[in-house]
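Below, each chain spelled out in residue letters.
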Amino acid sequence: MAGETGTAKVGGVSPAPHLLRPGKYYLQGSEACIEGSLIAGCRVYAGYPITPAVETMEYASRRFPQVGGRFIQMEDEIASACALIGSSWGGTKALTATSGPGFSLMQEAISIAIMSETPMVIVDIQRSGPGQGYITASQQDIMQARWGHHGDGPIIALAPGSVQEIFELTIEAFNLSEQWRTPVFVMTEETVAHMREPLVVPPWNEVEVRERKKPQDLGVPPRDYLPWGHDTVAPMANWGEGYNVNFVALVHLEDGNITRYSPEANYHCVERLQKKIEGNADTIARIEAKFLGDCKHLIVCYGAVSRTAMEAAIEARERGLEVGYLRLITLWPFPEEKLRRIVGTVDTIFVPEMNLGMMRHPITEALRDQCKKVVSIPSLGILHSPEYILSRIQEEIS
Amino acid sequence: MNKTPRFEIRIAGFGGQGVVTIGRILGEAFTLYEGKNSVNTHSYGPESRGGACKSEVVVSDGEIHYPNVRKADLFIALSQVALDTYIADLKGGGILLIDPHSVKNVPSRSKYRVYEVPTMEIAHDIGGVKFQNSVALGALYPLIAHMIKESSLRKAISNNVPPETVEINMGAFKRGMQYGRGDGDS
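Line order of the protein sequences matches chains A and B. According to my numbering, the stretch in the first sequence is residues 1 to 398, in order. According to my numbering, the stretch in the second sequence is residues 1 to 186, in order.
Keep in mind the hints are simulated off the structure, nothing from the lab. Each statement offered as a hint is correct.
Sample of chain B residues at the chain A side, in silico, Cβ under 7 Å:
id, residue
1, Thr31
2, Thr41
3, His65
4, Tyr66
In the DSSO-like style, the derived pairs of lysine-lysine whose C-alpha atoms are separated by at most 30 Å in a straight line are:
id, chain 1, residue 1, chain 2, residue 2
5, A, Lys24, B, Lys130
6, A, Lys24, B, Lys54
7, B, Lys111, B, Lys149
Footprint (simulated), chain B over chain A, 3 or more residues, beta carbon under 8 Å:
id, region
8, 196–209
9, 303–311
10, 378–387
In this text, a Cβ means the ideal position worked out from N, Cα and C, and glycines have one as well.
With these hints in hand, go ahead and build the complete structure from the sequences.
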């Protein structure tokens, strides 16, 4: 089906005054994230401040009005997420950034956005939890991103490892959300969000910007429009364009009817949501690998920790240890098949994470018959040092 | 300019001393005006002034994976607490820049190349404590001149201070540099 490979409209950056011009900059991750969102065509930021996401919001408050966008400080995170839904249905791409406690408050709206197939992007600059935890870096919301909302419903989550990548993945987050009509999360940490590094903005005509598919694009006249039909990813009519806009978060049929409920309709409605993301995991999910050729042991990592993991892998190899490196760029949908194909067979898999061992679960599930054991290397409140990862590897394999 | 293998700088002191700004200016100067790679990270407590504050810059001509300091080549300590906390991470023979009015006690002094610059006093003389970071950057310059041009630092300072204070910050930089070179000052 055409929808399964995506039929979103593809274009380039629409030039706007004050958009960050191609060139080299020295920016913080949070600033690069906002610049990426603006280049992706996002023009609404609705948020509520929380450490360590305050810099993102402050920068957005300056930048969105400059490019003709809207910046709204909402009364809380619940309202922020709801404002994103409204903005998106009005036809304007929308963004918010928050941290763990705020992300918790957004979960109800996220669930509604999944069911109503609303494109929107949430950046979670993870801090230590649970509760208020502390303002230091963490990766403790990784499972909440996938399972925090009520109901069966997949999302897409990306994990950038540098300032350059948070810029690129924020653009990609908007593209994926438009293409698959789903909330997309950029799961970063205090580490990347507050770090300053070179950012190279490519020529605008080299940046791909994808837009949601509309009924107009398929030549469907308003009288024949099925708000939840026509394709795996239904074309989305925006308010005020002459089509019957049907915003619904109840189980619904193709025409949007909610009164002819049946268990079959229920199954079809929710299964389609599941399939459009999980069924396309191989297309959507990206991983990066190095030193896999001869590796006996493998580090699987994501986000900021991948910076330490790469350093540790290089130093392990200098010491003659056959250690490979694999980074999950996409956390959800989990790239199970891709992982199985690329990894082959190894002895020990090491999973360093800034939590007590969360992604090691899907990693173990995916590779349980392709490795002897999976070893978690946890750290809380601080990025692992290369020495720490190396010492854990040596302890295990010597 | 010489090729730079991984070179690690740590700046630590209290919030309000310009610790974060010094790191940002150094990182920007190396990256935008020297064509090197650099990563600047910082950490601070919930207080806006007075809390413990740390900033780090890792510079290299190659790729930088681990973004933080492992063993510092250069440490700017602007308070005694900062020195006590982080001195163990300074390499033997590493450069230590301190303000003798706020850092009185340097354990194992002979292990390091210690430079004492009264940054606060010079800053007060020029116009106030907020110029302390430019004084410190000036004092630092002769110590890293093999890696960076004076003009690169000056440009990065200009980018990061309020436009109306550029001139006085340049003066602060110059005074720090003169002191650092031992040209006699204060």
